[in-house]
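Undergrad: Protein chains in written order, with numbering that gives the first Met the number 0: chain R, 0 to 504; chain Y, 0 to 429.
FYI, nobody ran anything at the bench for these hints, they're computed from the structure.
Any given hint might turn out to be false.
Said to hold, decoys possible - Straight-line C-alpha distance at most 30 Å; calculated BS3-like pairs for lysine-lysine:
hint : chain 1 : residue 1 : chain 2 : residue 2
1    : Y       : Lys237    : R       : Lys382
2    : R       : Lys368    : Y       : Lys163
3    : Y       : Lys236    : R       : Lys389
4    : R       : Lys95     : R       : Lys69
These are the residues of each chain, in order.
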Amino acid sequence: MNGDIILEMKGITKEFPGVKALDNVTFQVKKGEIHALVGENGAGKSTLMKVLSGVYPYGTYNGDIIINGKVQTFKTIKDSEKARVAIIYQELALIKEMSICENIFLGNEKNKNGIINWDISFSETTKILKEVKMNANPSTKILNLGVGEQQLVEIAKAIAKNADILILDEPTAALTETEADNLLNILKELKAKGVTCIYISHRLKELFQIADRMTILRDGKTVCTEERKDLTEDKLIAKMVGRELTQIYPKKQRTAQEVVFEVKNWTVYDPSIDEKVNHNINFVAKKGEILGIAGLMGAGRTELAMSIFGVWGRITSGEIFLNGKKLKLKGAKDAISAGISLLSEDRKRYGLVLNQDIKSNISLSSLEKISKFYVINKNEEIKSSNEYSKSLKIKTPSIEQKVCNLSGGNQQKVVIAKWLMTKPKVLILDEPTRGIDVGAKFEIYNIMNELVDNGVCVIMISSDLPEILGMSDRILVMHEGVFNKELLREEATQEKIMYYATGGV
Amino acid sequence: MENEKENKFFSFIQKSIKENIRQSTMIIALLAIWLIFTFLTNFIFISPRNLSNLFLQSNTIAILACGMTLVLVAGHLDLSVGSVAGFIGAIAAVLQVKLNMPTIPTILLAMIVGGMVGVWHGYWVAHKQIPAFIVTLASMIAFRGAILGITGGQTIGPMKDSFKAIGQDYLPSFLYRITPKLDQFGNAIKDSYGDVVTGWVSIFGGKFYETNQPPFNDISLIFALIFIALFIFFQIKKRQSRIKYGFKVLPLNFEILKIVLLSVVIALFFSIMIFDKGIPYAILLVIGLTLLFSFISNNTPFGRHLYAIGGNAEAAKLSGINIKQRLMSLFVIMGVMTAIAGVVFTSRLNAATTSAGQNFELDAIAAAIIGGSTMGGVGTIFGSIIGALVMASLDNGMSLMNLDVTYQYIIKGLILLLAVWADIATRKKA
Chain R
0 MNGDIILEMK GITKEFPGVK ALDNVTFQVK KGEIHALVGE NGAGKSTLMK VLSGVYPYGT
60 YNGDIIINGK VQTFKTIKDS EKARVAIIYQ ELALIKEMSI CENIFLGNEK NKNGIINWDI
120 SFSETTKILK EVKMNANPST KILNLGVGEQ QLVEIAKAIA KNADILILDE PTAALTETEA
180 DNLLNILKEL KAKGVTCIYI SHRLKELFQI ADRMTILRDG KTVCTEERKD LTEDKLIAKM
240 VGRELTQIYP KKQRTAQEVV FEVKNWTVYD PSIDEKVNHN INFVAKKGEI LGIAGLMGAG
300 RTELAMSIFG VWGRITSGEI FLNGKKLKLK GAKDAISAGI SLLSEDRKRY GLVLNQDIKS
360 NISLSSLEKI SKFYVINKNE EIKSSNEYSK SLKIKTPSIE QKVCNLSGGN QQKVVIAKWL
420 MTKPKVLILD EPTRGIDVGA KFEIYNIMNE LVDNGVCVIM ISSDLPEILG MSDRILVMHE
480 GVFNKELLRE EATQEKIMYY ATGGV
Chain Y
0 MENEKENKFF SFIQKSIKEN IRQSTMIIAL LAIWLIFTFL TNFIFISPRN LSNLFLQSNT
60 IAILACGMTL VLVAGHLDLS VGSVAGFIGA IAAVLQVKLN MPTIPTILLA MIVGGMVGVW
120 HGYWVAHKQI PAFIVTLASM IAFRGAILGI TGGQTIGPMK DSFKAIGQDY LPSFLYRITP
180 KLDQFGNAIK DSYGDVVTGW VSIFGGKFYE TNQPPFNDIS LIFALIFIAL FIFFQIKKRQ
240 SRIKYGFKVL PLNFEILKIV LLSVVIALFF SIMIFDKGIP YAILLVIGLT LLFSFISNNT
300 PFGRHLYAIG GNAEAAKLSG INIKQRLMSL FVIMGVMTAI AGVVFTSRLN AATTSAGQNF
360 ELDAIAAAII GGSTMGGVGT IFGSIIGALV MASLDNGMSL MNLDVTYQYI IKGLILLLAV
420 WADIATRKKA
């Protein structure tokens, strides 16, 4: 490996009102390596990358960015692209209504005198798509692609810009294992071609698969930079959180009690394409257990949860029973008042009103409960939100803080608080720890255990196999819209789950 | 010691300005506009008579802006309010002039028609998912035609006296019906300190008049005093409740200072009218509606749901909010508010005309936007009322200056742009 330093960030300090997001951070990347940047949510990884890519312009931070020995003063993202730095954000920045080709050259259109040459654009796109092993027509609209393919288009876009330094922020968070493996292979190939990669991920296994070196951030400061071979997962976690985590999954011994929640003959159609998503599903959830629902992305787990909650799909058959009583739910409101709550997989889209404060978000589903004659008791609202904020350890100076200013883990806790305030009997959690750091994950697991101890029936949908294995008492594996297998915690292994999730019998 | 106290005081002021940066800048902007016009019009602008007029002029837009704020907050837009207000005014005029209907049934019927227009809009927006922009654009065009149909292209009037009173009359004076003449001394005081000071001093025993009667509308004064008393009462109650819940409250001396300052501002606002002809009924109506809508937007689940729908409709839906029903209610409320605005406007003109209500929708939207509303989860009723006052002040001041209408429109347009720019700039800093 070439030992040259391609990128050096020296003494980077970035302050937001009231928070020091980065405190004298030092970060060195060698040419042609895959360099992992790790740390808990809120440790400053994304902020550091935004400084590097010119999102926070020169002058709004202190310190120097040196690329190939030259001090850089990026004022815009365009400037950083000129220095051949390309960033792929956690949230994909593709325009859904435009084609792959249009997206790849968006902002760098192949043109002559302001007129786009579509022939060149298309042929280039085809070439680049081959590089990322994608077999799609360049004129396919983004909205017709899966998340994994969209991620590849993002990488193709970066390749089209001739990037020397490629920054990937949580690229695999929304991908299945196969898709993620595919992506990692492509990164290895890019590395062989001399592209330098900065890789941010919470999936520690991946980091150990591909990273050459790792830099660990904690609370806006650099902890250390180490060669991969000098690290183990335990060591890494300890450095990230600043403490030795004895056990990631705080599992307790429990015995399941009576059946609380039952779904019978559940069949749902996707109304937009009129296709069956769930077919004749039957399952029960018991008091005092966590029921895990495993499966591949697109197996129909989210659709099942959303349709039970009454916010998605055309239900052609099925019945729901809660404590032996048949429920007639006509929407989320009915479900909530019956005692069913759903934490959705995409907190920014379905969970939060980002421009409102923590308090309003927590109380949103319970406003009627704290009202008398249609008037909200605002003091009660402050009191309850404060209690939940404290008991869930939401890190914030006050509950008047807007949720868009919180880190992912804290945002997720706000959504959890919202649902806890509705006092659910059945709580369905769809990917409760996606994109969340280890420390916050641990806290959320503890909250889940506490809820089960208090008699709440918890159903957890997760694509994270260790999480499913570590937390569930019973696991249902879904494949193409039906439950293919039920596994008890004692008999379940990653291999078994994958076997049934991919259609094994 | 003294210094430290002072520092604490200023940091408190600074903090409260920072927390309400948007509203404080709006109030400062309004006062700046007033100051500029005061100088440009040789102090005519700031006279109680003119300010009273200005409040009356802002009336219809303020009423519409109350409803419009909620519509904008929920992420929608109502372009039809001008045409619908004109349409309802025309219906009221036909009922009164042609069918000789008494005033109260006329008003009730007008409000019912407004509500029905709201149901129509709500049906298309909430149940058929057609953007409100398009639904109300259609109504804007259609109702302009309906006005012509109802009025037959004629101006219809005059209205009955009781109907006319809504937009034109003042709270009656119980004791003193005539504004007495100032004596020589009184005139000197007035020249140096203005009408309001002269009035207040005379209430507390100053003798500036040729007769013994002080120059104020006594019922209006009593109303103002009750209003201030209630304001103080609710502030104290709020404080006590916060203490009961164990929340942090302001130190007592700051709290008192705050209440006193705000009471003085309220007193000043009312004295402008007390020492003129009294408080107009239409202003009472606006004050009532402003308080009601502020309360709805802050303290009811309905209001808070609108903010959530505008902020993130999908999250609102998954939080158990019945969006269809909320939007339906919203448009019905907007319809009723439009009807009220139509009644007030018709009453002020004392007739229905074919062009009544033209551009009201744009003024109401502009008022809300100047007041800090965005299409989607942000906005306050109070801000929109200030916005309506800004718009009315510009109209009033520029008319007093006899400025060409050409420039009046251009300046109003630019001010709107400036306000939004200032909003975005301050928000970035904050």
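Undergrad: Does the structure keep R/Lys95 and R/Lys69 at a Cα separation of 30 Å or less?
TA: Violated, at roughly 37 Å.
Undergrad: Given the hint that Y/Lys236 pairs with R/Lys389, does the C-alpha gap stay at or below 30 Å?
TA: The hint holds at about 28 Å.
Undergrad: CA of Y/Lys237 to CA of R/Lys382, is that 30 Å or under?
TA: holds, 15 Å
Undergrad: Tell me if the straight-line CA distance from R/Lys368 to Y/Lys163 falls inside 30 Å.
TA: Not satisfied, since the Cα-Cα distance of roughly 45 Å exceeds 30 Å.
The structure does not agree with the numbered hints 2, 4 stated previously, though it agrees with the rest.
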